[in-house]
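With the sequences and hints as input, model every part of the structure.
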Amino acid sequence: MNTSKISYKKPLLETPFHERTSEHCYANDWYRWAGYKVAKEYSSTELEYTSMRNTAGVIDITPMHKYDIKGEDAKKFINKLITKDITNIQSNQVVYGIWCNEDGMVIDDGTIFCFNENHFRIFCAERNLNWFSDTATGFKASVEDISPSIAALAFQGPLSCKILNLLKVENIENLKPFHFNNYNIENHNVTISRTGFSGDLGYEIWCDPSQAIGVWDSLFKFNRDYKVLAAGMNALEMVRIEAGFIQPNVDFMSAEQALRPNRMRNPYELGLGWLVNLNKEYFTGKQALIRHKEKGPEKKLVGLDIEGDKPAVGSVLYDNSKKNQAKEIGIVTAAMWSPVLKSNIAIGFVSKEHYKLGSNVYAEIYHPEELDYRKIWAECKVVKKQFFNNPRRNETPAFT
Amino acid sequence: MKKFDVIIIGGGHNGLVASSYLSKKGKKVLVIEKNENVGGLAEYAESINCISPIIKKELGINVNNINHSNNIISLEDNQNHTILSDKNGKLSFVQTNADENDQKKFLSIINNYKFFSKTLGAFMFQKPPRVKSGKRADLFQLISMGWKIRKLGKKNMRELLRVIGLNIADDLEDNLNSNNLMGLLSHEAVLGTNLGPRSPGSILTLLYKQAINDNIFNLNKIEVAEYINQLEDCCNKNTVEIIKSSEVKKILTQNNSVTGVQLTNGEVFESKYVMSNADPKTTYLNLLGAEILDTDFIRRTKNFRNKGNVAKLELELENEININNIDKKMNGKFIYAPGIKYIEHAFNANKYNKYSENPCLEFYVNQKTLSANVYYVPYLINTNHQENEIIERCVSVLSKFIPDMKIVKQKLITPNKMEEKFNIAGGHWHHGDLEIDQLLMMRPFYGSAQYSTPINGLYLCGAGTHPGGGLTGINGLNAAKKVIEDLK
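Just so you know, the sequences run in chain order A and B.
For what it's worth, the working numbering labels the leading residue of the first sequence as 1, then goes sequentially.
For what it's worth, the working numbering labels the leading residue of the second sequence as 1001, then goes sequentially.
Each statement offered as a hint is correct.
Below are the SDA-like pairs computed for lysine to any residue, each with C-alpha atoms no more than 25 Å apart in a straight line: (1) LYS1341/B <-> LEU1166/B; (2) LYS140/A <-> ASN1303/B; (3) LYS1302/B <-> SER133/A; (4) LYS1237/B <-> ILE1484/B; (5) LYS280/A <-> THR1259/B; (6) LYS140/A <-> ASN1256/B; (7) LYS1118/B <-> ILE1149/B; (8) LYS356/A <-> TRP377/A; (9) LYS76/A <-> LYS1249/B; (10) LYS310/A <-> ASN324/A; (11) LYS295/A <-> ASN1256/B.
Taking beta-carbon pairs under 8 Å as the criterion, some of the chain B residues facing chain A (in silico): (12) LEU1285; (13) GLY1289; (14) ALA1290; (15) THR1295; (16) PHE1297; (17) ILE1298.
In short, the hints are calculated from the structure, not lab data.
These numbers were taken from a predicted model, which means no experiment stands behind them.
Note that CB positions come from ideal geometry on N, CA and C, so glycine has one too.
Here it is in structure tokens:
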């Protein structure tokens, strides 16, 4: 990375796609992500969202942190780091995993790419070099931050495979979910993985920064028939809530960053218990997680189906339909009106007595209306976080 | 494959104390020592601190103090040395350049420190309490600690709380004028620690040493070899098996519990209880292996400050040693640390992993031989000490006071050599700095205090645990008691 680029006048770095993203970004509305600027909104969040749900959307995810793990103990290292058991992982496979601290509290989540037994790559949203390096103590494995050397795009939507097909990306329809391979998009060498956060068919495309512009342009080549749009962070937030993916420091505090110990969350509280394999011989946090599992979570992150159409952003949750008798039992971490589901959805923490699927809780929604708030006491049903999960997502060969 | 109740890694004096105690309680104990002789670092202990009366009582050890050197001689470039004499803990000036006011104040400062360290002393020989354990015993101990401090009275408690985090230079400069006297006391505060006179917490180390040794100048002297022999006898009497010249390669575990140890020659001994007399870093990172410890714990292990910076210099001269301006019959501890500035300058080099150009010395003379503690000679990573250069620097200091030095034999033991010989990571006397965040219930660090470890059946009993280094033997005894408690 060219450090001379960083100055007080130009505090944020530009991604290799900046030439194009800045062209598309009429709103000139930028979001700060890991020292880079990425578009919050290009022209209209709703349109960008719609492209991801109906055709395909392109999101610049270059600021993702990328770490290369190399060495003969690379696999052992991953197995100590994450709570899942990856002993049987194959080359070209991707796993989704979380890592916890010694108290069994979640630090971050990420996708882990297996090139071979001795080479893995971890993609995650937060900085983790320090944690990974300390975890590597005692292993013959090196940890390297390779973030600036890879440009990345998320290409998400029902027509994503179709468009890649039209671009003559050979055999792309047979790439299985949570797998990756090397491909060629109009003479640009890329790595494509069938991963993403839209809950629908989608890919992530990784390439050398020098190829970035070429790859970007290719994806928009068939726009006469298929309206592919560049999508910003706001649209991304919408699809990830619908898909029920949680985000560190939004839905829960990363254990490495939380200042107050009672703000840290264990996997069972986040509904990620299925990612924890307590039969594995050793990983960081195992002893604590055994205790957490025995005890059961005090509160849990659940999906909420809310009556009405006013999003319950930042709402407090209560246990009673009568406001004056109600007791506080939780909080909403992310909420939206879902255009595709035509329902008012949210993700939030709900305490022990109420997190069972089907229970009713109540949200107090402060809905702003022309410089005044309308307070709505809305009934919510506890449901699965995955509001949107299209079968297309897991079908092979993929929908074309 | 042999089975034991408890296996102890390392036959240092704490290992021997622990094994004696355990075997007295009827346990089948094995001690594995890397070197040909047991005793470990005690070999280098010149002035030995008093052995705790508890050990004497519990194990029936009887070693007398020889106390033949009850003078402290602080050398000065202009040959106007200060001589202090210590008669059963009572200090008086035999000769000094400092004015009367300074002398009085000097003695009153020492008395003050002694008074405060008595408060600390009450905690020294106990197992430190576990905070938040929810057990009544721990809570009671915490309250009694607080009460001891409160009992000092308002004025004294304030003074203790004022000085406890202070650097020694500030306190001395407020009260004294004589550079020599300030250097003398600063020397005692920083020797064997990774601190300079201006480092915060350097008063605490002095109070702590006083609390352990019951003497600010460490003048009590016992025959170390005799002490170690008695400990070994005590072990033999109680049928402790001691294997010498054998090194442990790995502590074996299964499902977070100890199963035994493996030697470098491949031999395996089984036991559900293993005590490590090695320092925390060696125990966790080398013997146990970082792979099976939580990352946060590894972080704390790596951050444990254990850089040694004292070298041992042994010289033999052609002629009997006479010190300028000092009576031949005068025996005692010689100190060359002629002022705060001098020590602080010596410390500056240490910060950057270089040895001091003008080192500080503490030495004892016995006819033709001289043995000295030299600081700062920091532990070096990846590079070697230029030993001849260090010796030259020491000799150039010594030659100011010893005319016509003709060296017949010379030997320098650097922290790196101590590390190699005794497997002490960092070559630190105390296995780790005695600073406020590495003391009491925080020693060596969170998650490993009170002699226990995150691995079931593994215990620490070396100087890295409370109350730290010195030859008290308390570490070994407390750890053994903890094992007995858990065996029940």
